[in-house]
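**Q** Take the sequences, apply the hints, and build the full model.
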Amino acid sequence: MRQDQLKNSRLKTFMPQRGSAFLAGLLLSFSAGVSLADDEYHPEMGPQAEQTKHSDEVFSPDPDYADEAYDAEAQIEIYGGKKAVHTPRPLLELGRPQYQAGPLTKTSPVFGERNRTATALAVYGDIRTAVAFNDNNGRDFHRLAARANFDIDLKITGTERIHAFVRPLDRNNQFSGIDFGGDTDGINDELLLDGNLETLFFEGDFGSIWAGLSGKPSNFDLPFAVGKMPLLFQNGVWMEDAFTGFAFTIPARNSRLFDISNFDITFFAGFDDVSSQAIRRADGTIADDEVHLYGVASFWELLGGYAEVDYAFIDAQNEFDDLDHHNFSASFTKRISDFASTSVRVMSTFGQDPIGREKTAGGTMVMWENSLITSKPSTYIPYMNLFAGFDRPLSVARDNGGLLKTIGINFETDGLTGFPTLDDSGHDAYGGAIGLNYLFGLDKQIVLEFAGLRLMDRENPLGTARDDQVAIGFRYQEPLNRSVIFRFDAIKGWRDDDDNISGIRMELRRKF
Amino acid sequence: MRSTVMLKLIKRNAALLLGVLALIVNMPVTAQSEADEDKTDPHAEVFNLNQYPLASECAKCHQTIYDEWRSSNHAYASISPMFHKFEQRINDLAPTIGNFCVRCHAQVGTQLGEAREAPLWERSEIAREGITCITCHRVNEKYGKVNGDRHIIPGEIYDPVYGASDGSGLAEVVANSKSYNVKLSEKDGRGKPIHNAAIQFTNLQESEFCVSCHQVAVNLGIKLEVVWDQYRASPAKKAGVSCQDCHMSKVPGVAAGFDKMPSAIVDGEEINPDRDHHNHAFAGPGYPIAHPGIFPHNSEKRGVLKRRTIEDWLQFDYIAGWGTRKFEKKVKSGQIDIDFPKPWRKASTRRAAAKMIEDNLEKLEEKRELRKQVMENGSKIDGPFFKGKMRAGKPLKFGYKITNINAGHNLPSGSLGAQPELWLNVALINPQGEAVWESGYVDSNGDMADLHSLDVRAGKIPHDDQLFNLQTKFLTTNVKGTDREMYLPVNFDIDQIPFLRPPGQPTTVLNHPPFVRMEGRSIPPLGERMANYKVPADLVKEPGKYKLAVRMRSRAEPIYFMRFVGATTEMEREMNKWMLDIHPYTVEFEIN
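Protein sequences appear in the order of chains A and B. Under the numbering used here, the first residue of the first sequence carries the number 1246, and numbering increases by one thereafter. Under the numbering used here, the first residue of the second sequence carries the number 11, and numbering increases by one thereafter.
No lab work stands behind these hints: they were computed from the structure. Here a beta-carbon is modelled for each residue, glycine too, at the ideal position from N, C-alpha and C.
Calculated cross-link-like contacts (lysine-lysine; reagent style BS3-like; alpha-carbon spacing at most 30 Å):
hint, chain 1, residue 1, chain 2, residue 2
1, B, LYS407, A, LYS1298
2, B, LYS397, A, LYS1579
3, A, LYS1579, B, LYS390
4, B, LYS551, A, LYS1298
5, A, LYS1621, B, LYS470
6, A, LYS1579, B, LYS470
7, B, LYS397, A, LYS1298
Pulled a few chain B residues facing chain A out of the computed Cβ check, cut under 7 Å:
hint, residue
8, ILE329
9, PRO394
10, ILE507
11, ARG511
**A** Here it is in structure tokens:
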């Protein structure tokens, strides 16, 4: 119905409403805010126009509450109907607890009067336990696996902190757990403990630090991070990786010349742990210690939407020196009328010139992501995400899933049980996902999706797909209480020239 | 490989790690020293309300300031019905947010240990005063971006306050306390109690003082207030104009200097009569929608009204006109038969209440004028500027130029980024005087006809395709693919129990936390933007004199958002009633 209306001129629908507004205006004209040409306000205008008497009555009326009786109970409910909410606490809290009632204590000037410390240490995260029944790449296996994510955050001042992240129950993406049933002989259990820090970074603001050291107000903000830090740009399409290096940002600028409400520019450099999919050792593992990375990412709020424009140079080292390449990406996101939300994304990997070996990077990915604006625009979201990958497009760096992870749930593994997916590389292929995401009550979620991909050149596939692939996927999530979420996933995939895939999994995620 | 690298990193940064260790060790020490400080009476800060003097006590000498403050948005902070509704809703949805909101809105109450969910009438009076005198004048630490994490120094009314000046005027009063009829301690017997000293704290005059509450990000790094971000990049900042210069000046929203006025009147004597007067109305576009019996604060409640509680006031139907002459006449004559709640059974009480409400509404009208001045001093509408030939039977194309003439921040700025609304309402009137076309119209709830309008979604009215709307939007990323507009900056697609904890990513260098962001459409300081329109040919078929009427509309909250948080009809009514129309004017022109 709305579509029909959109096809019509707005005015046709508008006319009856306007008529009633006009009548109402006439009736109310005695008390109306009719004013003479405003002596105090003289706007510039085109030569054809001349200022005249103004009356607000020409506009559509505001809501009329004449028939609404005063509701004292509802008014009392505003202030008396609030209720306590169980607030899950972090596993460990030292110093100032987060967002608790009670006195806010004095702060310390150890880093300067203008950058005061209020130290707090918190350990929090989640433990995920899942059981899955998978048929993946010709292997039928059942797995019970666990993953622990611990964030350790030391707040120092309002702007400075140290953050670390550990995953003690998995190593090299292999998770502690038990394999049973299917093609597994007997029961294989494995406990994989890992004390490595997945991330460890210091985040701060030079502006605040300077204010603290100098004792004077700072004229600038310059947030920065140094250490092993996870950076994520363009929702993880362009980059999703934790590398060792630094980043700093020129934040929250604007331009009246170009009418830009806000923009941010981030510069970053990585010197270790750079997970470029293009730089691999002979055994196929990513040579993350042989890559340096230099880049700039920018975010621009303009034209009723926002744009992201990013560039990086992937500087391979030593034996991989000839695998250097560039990566450029641009995207624009906007809502189109009351019809759709959309993002268009182009990412190009180029400039690699290998000597005596095959090219590992070079290609372009085009993504067009859409979701319909329905009568429940925040909770009922049909979506259609399309992609076309020419040659070998790559993210700058990624240590989590494939490039197509954001296209559909059928391209995303669960990071725990080896849950099957379609080929998520996007190499020399096109396809997409059509799905429905329904968040009823904002806390229960159903996702149903159909996804597929076709190869551009079936004779010489560049990704893991040997031929065309399609799959249907399903996800359901529901909190069981204020800190435990139950999740169920299922996938059934059909792959030409390859074994079909299927999987069912259930997960409990305990947050703290 | 990674462990080797990490080992190297750790070895290279031994000093840093030692520093970290020292900080951790220091934590209990800090807590301990704080505890030591309070050893004399560990419960004094928590329970002794005398440690937190009321604004109404300060009013005894600072009446002008009190009068300005009592209808200000600061004074409204803990009374705001929207605050309470929103605060409960977000706590229901994101359980770790806890006391984050109340620690600014009811900072003293938070410091007193009051529960966030405590009914307003069970809160201390000082907590109900929201951002009250001592929230700023009993602070002596220079906070930066601490997101409301501030410490108010407890102390009786006799203890020192902190101010922008050197306190010389007060020193004279203190030195001659008897002649000024003031007392400097309880022991002094008769006289008005006053603070013994005013300590100069120049931070109060700096924009940085406002940052602690007006540049706010909640955990995960979700920015809610960005006015400092906008100010820091503004020409005003460059020119050395502070927040206070515009929002406490003699001309609302303009750095036009300050009125000269005494800082206090003590025993009829003006103290510092020629001092710069910083207006404590803190002029801005926001406005209250609370029951006018409970806001603005009114220290003039006398006689029987003094005994009326907040619950009593909320039962008082001011909409029906209780206590007014017309209403009471009808009651007396039996035309109206109401079983009045007990506190309002007596007509005399109702009349007294109506008088006080009238006084408060008058105050709100004054506030409306200030709001209008702020917005009109900061914005300009020019136009229409026509494009092409204006011929009957041809589409009419024109535009208005909207300019942000405020050098300090974007238009609009304001609290909680995605809520304040500012849009253009334009109507075309044909030669017969009929309005034939409009953009910026509202639906039956008062919302603009965009994707959030319930009427648009129900197909009752068309989408306003040409809407010029400067409202910022919160966006969250869909479970897969693009982003969508969302009421809250919290992503429920990825996590149905969102825990707002410190983020795993350095979000200050990412612009926003992953999968949640704000999208500004505001006009940069001193910037301008064209609002372009095209009226279909069939609505301008006949030649003659047409008119275009325009106004910019400012509202604190969208109605769809109010419904999301469970606002009452009264709240919606007041939200729409006090909406502001800026620079309304009409032009006429010929179409041949």
